[in-house]
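Chains as they are written, first to last, in the numbering used here: chain D, 1 to 333; chain G, 334 to 666; chain Z, 667 to 999; chain P, 1000 to 1332.
It should be emphasised that the hints constitute simulated quantities derived from the structure, not laboratory data.
Only a predicted model underlies this, so the values are computations on that prediction, with no experimental measurement involved.
Glycine included, every Cβ here is placed at the ideal spot set by N, Cα and C.
Fair warning: there could be bad hints in the mix.
Non-contacting residues of chain P with respect to chain D, defined by C-beta distances greater than 10 Å in every case (computed) [stated by the list, open to error]: (1) Gly1111; (2) Ala1229; (3) Ser1294.
Pairs of lysine-lysine residues, derived as BS3-like cross-links and limited to a Cα-Cα distance of at most 30 Å, are as follows [unchecked claim]: (4) Z/Lys669 / P/Lys1040; (5) P/Lys1160 / D/Lys141; (6) Z/Lys707 / P/Lys1002; (7) G/Lys494 / Z/Lys807; (8) Z/Lys758 / Z/Lys797; (9) Z/Lys797 / G/Lys474; (10) G/Lys474 / G/Lys336; (11) P/Lys1040 / D/Lys161; (12) G/Lys464 / G/Lys425; (13) P/Lys1040 / P/Lys1140.
Protein chains: 4
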Amino acid sequence: MLKTGLLGAGRIGHVHANAISAHPGSTLVAVSDVVTANAEKLAAAYGAETRTSEAILQDPEIDAVLIATSTDTHSDLIEAATAAGKAVLCEKPVDLSLGRARACLARAEATGQPVMVGFNRRFDPGFAALKTACDAGEIGKAELLSITSFDPAPPPLAYVKVSGGLFRDMMIHDFDMAQWMMGGLPDSVSAVGTSVVDPAIGAEGDVDTAVATLRYADGRLAVIKNSRRAVYGYDQRLELLGSEGLLQAQNMLESNVVKSNAQGVTGAKPTYFFLERYMPAYRAEWAAFVDAVQSGGAMPVTLAEGVAALALAEAATLSSREGRPVAMRDILN
Amino acid sequence: MLKTGLLGAGRIGHVHANAISAHPGSTLVAVSDVVTANAEKLAAAYGAETRTSEAILQDPEIDAVLIATSTDTHSDLIEAATAAGKAVLCEKPVDLSLGRARACLARAEATGQPVMVGFNRRFDPGFAALKTACDAGEIGKAELLSITSFDPAPPPLAYVKVSGGLFRDMMIHDFDMAQWMMGGLPDSVSAVGTSVVDPAIGAEGDVDTAVATLRYADGRLAVIKNSRRAVYGYDQRLELLGSEGLLQAQNMLESNVVKSNAQGVTGAKPTYFFLERYMPAYRAEWAAFVDAVQSGGAMPVTLAEGVAALALAEAATLSSREGRPVAMRDILN
Amino acid sequence: MLKTGLLGAGRIGHVHANAISAHPGSTLVAVSDVVTANAEKLAAAYGAETRTSEAILQDPEIDAVLIATSTDTHSDLIEAATAAGKAVLCEKPVDLSLGRARACLARAEATGQPVMVGFNRRFDPGFAALKTACDAGEIGKAELLSITSFDPAPPPLAYVKVSGGLFRDMMIHDFDMAQWMMGGLPDSVSAVGTSVVDPAIGAEGDVDTAVATLRYADGRLAVIKNSRRAVYGYDQRLELLGSEGLLQAQNMLESNVVKSNAQGVTGAKPTYFFLERYMPAYRAEWAAFVDAVQSGGAMPVTLAEGVAALALAEAATLSSREGRPVAMRDILN
Amino acid sequence: MLKTGLLGAGRIGHVHANAISAHPGSTLVAVSDVVTANAEKLAAAYGAETRTSEAILQDPEIDAVLIATSTDTHSDLIEAATAAGKAVLCEKPVDLSLGRARACLARAEATGQPVMVGFNRRFDPGFAALKTACDAGEIGKAELLSITSFDPAPPPLAYVKVSGGLFRDMMIHDFDMAQWMMGGLPDSVSAVGTSVVDPAIGAEGDVDTAVATLRYADGRLAVIKNSRRAVYGYDQRLELLGSEGLLQAQNMLESNVVKSNAQGVTGAKPTYFFLERYMPAYRAEWAAFVDAVQSGGAMPVTLAEGVAALALAEAATLSSREGRPVAMRDILN
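Only chain D is shown next, with the shape it has when bound in the complex (with noise of 0.2 Å):
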């Protein structure tokens, strides 16, 4: 039984909490959050405990954490973590400073702590059958990855005053997905952002709607599509091109009826948001990292895999700020 200490109580924390609870493997010991409150209330949800998190970091009894926090304390919380001697599982991004990701990464290496960064997507079922197929061999050599993601509506302004930017915050996600599917990293990373939804964002000297293209070594491309607004729902697909077929992950559906009338054959749309979508995929993250804590394994995301994504939102932002294409090596060294 992995006891594990839940780290923040917002909106992902209870996503954690309901995953870690659900789990015949793990049990939720304790949670933390700056606000008390939000702590109070989800403890009592999930029977555990309410403490600080210098308290669940020091009590020997918990194996576990899971960072849910803001952003802008990974980093820390990582370090404090494993040089506690817990295994950690942390919400992306690592952090929005990739030097001070980097630190932490070979801090966090040197306690030998197993850390698993969460990048949910990878556990989506259709995504991971989408992986299997191809690492099966099923359309021969991948060659061209495009990924679809766009979200319903934008967050909120004060968000994304501190979100480090669409490619860091948002983006992230597609750039892990990138480095999943084509096994590492790009030479070199293009992309083009702009502010066609909410002039607001613009302003705030970020952009809503992105293209980012990424050139592998081996001639192989990737590219990745976002917006912050698709006023249909998440849409979240991916193709990968290879030179004996196509395989396609498509978007899942509030609902399989469909409607035939005067006006159109009409099917639902995609689920809404992230919580609808991976929910399945975020048991299953939290099931692989207690499989490999429990069992000693690999982390099935790794902390350097957690700072590679960071590298190509850092390598993204600075080409699309900068109008030129951004060489891995030059963000890296």
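With chain D's structure known, arrange chains G, Z and P on it following the hints.
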């Protein structure tokens, strides 16, 4: 908290134990089974006690029982449980004998206890969404209902022998869907059943492929198709033609991945069988039962409806055997 | 070059004139119609002459006639044309009277002239591809055929009065599809017809919604659903369950554009009616006729098959009227 | 009746000859080809004469010419034909040299003769329906256009050598779609091209896989993906995200038959290549040209648009080669 006893620890008993345990408003107290080892195994998995059925029914602490035993015990257990003051959720069919089922209905009703029959498909998200759309008038007046319901593979012959035949065992689900969608019973039933899947089924006097047509007093029609074998999975579709359009509930698929290659464009198969397809429905069914019991509201599927579905199965069995339409009034009088 | 005379210059006559003219191996020489102005208009459009039917049949230069006149003239014209040594393609149905059609068949066969009946759906690319796949054994042994065939809107009452009823006028197409797919006639037909679309149709003694179930000697089944009204267009689908899989021919759509918005994901409707849906089929039908005439090969749809389809319609009409299954041997003897 | 001369009797010349002959308002008078046997064969098939290009251009009876010769002759023939007072429909691209194309545009415009460029995809029913829906405001303001355009198999190397490269030969179609959908030219083009399909293509200095991103002055984006190989057929899809929804034009399939078996649910592949997919488009293109010439209306695709598409191809070629975004003003000035 609805304290629940589970009678029957077979495959479907496990499904229900899972739903009872997962529901925040109910708890699984005790389980019984004619094979004690089965009861013990299930009880251990869910932290319940093992008892006899009689002990469960006599325990004043137990509020409700879920009957998941073999069909030939359903009527007796419904009568005993209602007499003991329990709320009851009983698996389909109520009985293989319509006369026995009607007697059971009379006795159960006399106790005033709530009894629900486990027609899980009413709680399938797709079918429920279709019903909601129909009730909202989205296709005008319903005129022609079509149900496709194919099992992936025939059951063992030993099961066929005691099943009561395809119409009472398998099509009874579709008869319930028809009465639910169309609102009540038809005037007459015409059924044609044959054995083309497995001659051994025919040799038992049963059929493995069948079509039933229901004619309602107002001229509406319903047609149900059953086959014991669809090698591609569990094919569960429903469509309803109305004066202003068509509603279709399509299959749920194993995955949303599509592969295109030189052989074609291939998507996933339907989910394999009822456990995969209807797991959400079993949970929703239990939740609806708990809600109704706790609120004192009407049962979502009444025992009378369970008996009516059996009457349709009786009519279809007779129609198929004698090669003639059967009037429902001749069955019910 | 097959010199062709066209008898009948109505809507379907224009369809055939187009096919005859477009085919490189045939030419439209002359056209007749009881309304001379209709014949003249069609003749002008296709560079043909206007003549009487008699003149066309007596012209030794004319190799073939296409009969697209009103149904009550079909038998007489088939007899006259074959007696005159013409190859004949006649629109469905052969006749409204089964006795008359059988007499016509005997007389036409006596002449040795080739006669084909215009069951255009056999030449629809989708249905033909499905038949090819079935014949190639792709789904093993066929067991259960389902045909959905809905018109977009009921015909005028004046047409209903002379149509011979839904089974002879509309479902006859589906009876032909059934005999083509299943290879021959069933043992018995059970049909249920009602009038729920338009009471005026019922008042004429006809039905507007119907289901027919065909039972074959070897236990295979076919079920046909008809409705005179599907407000979303011409719904023409067929599916065939076999021992190793399912084949489905889906609707053809007006466009391949899909729109996703806050209301759902909406694709195009089925093509509106038979002219839109089956235009390629009419061309392929004519090409198959020309090929068979010129090669001396077997007619792709024989007159005997046209009569057999009518026998099925006769049986279904009787079954629906009398509320009992009808044995085909009672119809054919 | 538009008397038409056809210059070029290759594969695409046959496509156009078919469209010219089938159109009720045009007739194919004469055809030329550098290989006389090719011209003779086509002329015989369509009942036309064989002449030299010069003779066709000098014939005062000929109203229009369709230029379907090799690309290196397009500019000269456009100039000669317009100077000779002909209406012109010229295959894409106008030229491989942007400078030469711009000179041709100036000279052709000076004659006042109507010139249309054969961007057939604008006349594809699906793309045209999508454009109509977009122009009608069905998805609000367009923001992000995505074009997927994959050939089934790479062309022969001999063709690659003279093609002008993927951007001028293949992606030029997509550049035209982009200017048509988005209304004009972008500010800048970023393209990444690689050779992963066939190293021999890379050895010729060309690419076989490419992604181009177009950035418009108002912030809108378009992304185009090309591959020379999609083993499942000709993959031609387009989607447009707007402020109020998404429009998608999906592939046309070889058939509407779907097979479900133990391996999955398999539908038909996309139609194989441009002849199959775009035959209706070629006919509609010719009809639009005839209409515009006869009515004196605006050309549906102007020569200036043909030159603009070439400018985009030029920019993309440069961008891919130099690894930097290219401003369109640097190309056009």
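Checklist line | Numbered hints the structure breaks, given as an ascending list | finding: Violated hints: 2, 9, 10, 11 and 13; rest satisfied.
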